[in-house]
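Asks: Keeping the supplied structure of chain A fixed, place chain B upon it in accordance with the hints.
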Amino acid sequence: MRITEDILKLFGPEQLYYNPQTLDHYSKDYSLFPSKRPDCVVKARNAEEIQHVLKYAGSNGIPVVPSSSRVHFYGGTIPQKGGIVLDLTEMDRVLEIDELNRRVRIEVGLTWGKLSKRLEEKGLRVMMPLYPHPLRSVVTDLLEREVITNTVYEYGESLQGMEVVWPNGEVFRTGSASVEGYPESICKGVNPSGPGLDFYRLLQGAQGTMGVVTWANVKVEYLPKMDKIFFIPVSNISRGIEFLSQIMRLRVGQECFFLNRMNIALIFDVDFKKRGERVPPWTLLIVLSGFQRYPEEKIRYEEDLLRNLVKGEFQELLLLEELPNCPFSNLEIVRMLRRAWPDPLTYWKQRYKKGCQSLFFVTKPSYVEKFVGIVEALAIQSGYKKGDIGMYIQPIEQNRACHLEFNFYYDPENGPEKEGMAQLYQKAVLRCLNEGAHFTRPYGEASRVIYERAPEYVRTLKRVKAIFDPQNLMNPGRLCF
Amino acid sequence: MIPKEAIKEFESIVGNEYFTVDPVICEGYRGGPGGYECGLGYEKMMVRIPKGIILPRQTSEVRAIVSVCYQYDIPYVPYSTGFYGAKSHPHVENALLIDLKRMNGFEIDERHLLAVVEPGIIYSQLQEEALRRGMYVSVGGGGGQVSVIANMINDGTSPHSYRFGLAQRRILGTEMVLPDGDLLRLGSLAIQEDPFWGEGPGPDLRGLLRGGTGWRGSFGIVTKMAIKLMPFQPEALRPEGVSPQTSLRLPQNRVKWVNIRMPDHMSLKKAVYEIGKAEIGAAVMKVPLFWRAVARAKSKEEFWEIWSKESEERIQSFHLLRVLLIAYGSEDQMKYEERVLTDIVTELGGQAQRTKQTDESWFKNADSAGMWLMCGGYISVDYISETLDHAVSQGERMADLKRNFTPPLMPDYGERGWFQSLEMGHQGYSEYLIYWDPEENTERVDQFYLESAKENIRRRFYTALLGPNQPLYLTGPAYGRDYHQWLLAIKNEFDPKWLCHPPFPLAHDQFIDEAEWMKTLKDWKEPGLKERKVFPSVKSQTD
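Protein chains in written order, with my numbering: chain A, 70 to 550; chain B, -13 to 529.
Certain hints may be false.
[Said to hold, decoys possible] Listed below are several chain A residues computed to face chain B (Cβ distance under 7 Å; list not exhaustive):
1) Y87
2) K105
3) R106
4) P264
5) G265
6) A275
7) G505
Worth flagging that the hints you see were computed from the coordinates, not collected in a lab.
Model, not experiment: these values are computed from the prediction.
Glycine included, C-beta positions come from ideal geometry on N, C-alpha and C.
So that you can see chain A by itself, here it is in the shape it has in the complex (with noise of 0.2 Å):
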């Protein structure tokens, strides 16, 4: 094949793949979405390396797919039209921790389980997604916009100034990392915006179709010297709602979400059989922490703020201290919510049936009710259990927005369940997208009934991706391209 024997050319086969079983490999991954078949997979080290592979498929109109990790949940990184795998797992070094700035400059293959364990023994902490797999690569994460579980930082995104190889083979650095001799300057490249433009807008939600991002900045925190969770149970979820939308407008705690029981049960292992049938629907978790001076005082006045409000406007509520039939510690729970999930045999999402399809979408939080009312008669309709069905919300600044995530369990080795799932899937996108879930991120098949609702959003993007990706060849077929 002439692929393969050009890019032998340039690389040596310790870092170019072509057999089969590799082949198939990097065909699938954990989502719905039909395999196909790369031409190849570089493993590729450097940005050097990076610009050889994207000069070259330019020069003979390859399709390029980069790959930062080997886990994906929804078919980003399946070659719909065949090319070059460009693999960046091994591109995985932490390049810097600056503690006076409180940032680190990452390699895009490093991955939550590495990078969470190297801040820890440094006493900090990058703020994280719901118990990210331990093999997903940071970056890209912060780049796909998934969404933190601490948002008390009004100023919220992580990512600052990155280093991207553009489709053209040209390395470009956003932000203040893009003076000339970075990183060997005065400059840490802290601020993402510009040079000129924030081109990190323009790679963020991009699923690799604007270029390869190689390195970048995310934004650290100090670990609190002390924690206090509390687990609140919910039964009536607008009433729950309402509830944080209170204490978050008085900027109380730090980690904080919703989960529902089938979610509880598969992250906290607990045993929900023990507690027969008064167990809620919904649990709120949040977190109070002090930090290196007066801690307790901290948690002292969030905690009476906390309790001021169950005592007046919310008695049907109550402040546990503990899970229930929960085998972790709650210093173990608030451990959890730092690190990525600690084996990824057992990961979360994946534990109950192996297969997980998440649908997810922001919304405003008033509009919660209605969206589970849907998402649960639809899988009722479609012969799913209602009670199998994972529910997680995220609250968004202050509570002003949510994301909210329905998680489908489902045995990837059943063909029929495997059908039903993806057309549960597929209308259950559909109606939510009637109803007004906005879909920051559209995945698969679902990017066409997204993109279709939005004709003028996909003119501009298709302008401003010829201008970067003139003959469309990153991760070409994915988003609207």
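Replies: Just chain B now, with coordinates in the frame of chain A:
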């Protein structure tokens, strides 16, 4: 002149009442004297009086106007409140100025912490409505009188950015007319009528709106924007005083400014880092001595009386840290934060000063007008968000450079600018302001502005003033690298005739090419004439 056929079309779009070519009214849209960039060579050379003024009321009218401009090759300039004296105004002859003040739609959504504004809405209106509902917004340094949208797409930093973060993080669903008249809706507006969310779907095209600063009106017209508001504490800020000496009285149990005298510059910087690390405070900054004189003076004369008594020695020994504490949750939060703050500054040898518990500048008034009264002209010659270390070093370097340009710049005894903590210490924001008398020869002020850009490149400092604010062919190769090529490719794609506020983003390049006193400073390469967008010489227009 604007062609007669186009005039008819403009009149049919908005009606006779809202379109004019009357030279008297057009003269009213001459830039300056407004303080910012006032009287500089750039203003004298580049600014033109528009040949027509049009005031649309809605987005469909804006689209129709842009479409007529494209049909008849009429350059146009979007205009909201015109804070950027020179840069807000046309730079070429026969331009149409699109005054957006009639687009003053405003909605506020208390439950979901956002406001939806059109370009005619100013910060004073927005902040008043937000405060009434237990929320607040960050008013940029331009002041309460500037358009919210114009500020959000061009600048938007304030001391509140310590908690709020970069201004562009607060931009939600947005509607804009692209330079060629195409409509673009961003975020949730792309799919539905609700603008509550800013991202996607997919790649986030908010990236086109701006970088550290914006296009200065040369990339279309934003017609509607939802922006985030932040929950505030529950007690009212009470207005007091008689105009122009007005302020807001702070409820000290909930909102408090604390001034702290630090022993030296290093300890001040360290305190700012430590405060961010402790995650307390709502705004944290170093105050230049100069601000004190501005705050104390009730007239220009009084300012000079106070200021002329200062000395380099006193400036070098003045290290004032100013911290805003807001107890969002309870009065106990105030006690906790005061205790932590006291600990930090005491360890570093700081001493709390008696502090007036009113606010003149940062909640509502943002009394920036007061800042230029003493000289008549001023500009932020540079502003940057990078680390706190960067903020301090860059200020020192600018102060050194400035000595060579004083006068005509106002003597400031080596003041190193001001800086503040941004995003709870993750970034440091520094701003370097210069002042001059527009009645004097200001050629050296123009030169200093350019030299500051060159100094940034030499020293590898970052700056927000990339894009159209400095010569693009000077800064382009030094940042990114070659960010200017992408910027120009985007401009060419969406404005193929370069009708939206030409010659931005190459306005400064053209100014330097044509101003005699700037030519000798041009020591960088630029593309040949075939590659570069060329506009009629501003000199020949003057002739």
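Asks: Now tell me if each hint is right for this structure.
Replies: Against the structure, the hints come out as follows:
The closest approach between the C-beta of Y87 of chain A and any C-beta of chain B is roughly 31 Å, which is over the 7 Å cut-off, so the hint fails. Hint on K105 of chain A is violated. Least Cβ distance to chain B is approximately 20 Å, over the 7 Å limit. About 25 Å separates the beta-carbon of R106 of chain A from the nearest beta-carbon of chain B, more than 7 Å, and the hint is not met. Hint status for P264 of chain A: holds, given a least beta-carbon distance of 4 Å to chain B, under 7 Å.
Taking 7 Å as the C-beta contact cut-off toward chain B, the hint placing G265 of chain A at the interface holds, the least distance being around 4 Å. The interface hint given for A275 of chain A is met, as the beta carbon of that residue sits about 4 Å from the closest beta carbon of chain B, less than 7 Å. Annotation: interface hint on G505 of chain A holds; nearest CB of chain B at approximately 6 Å, less than 7 Å.
Checked against the numbered hints above, the structure violates hints 1, 2 and 3; every other hint is satisfied.
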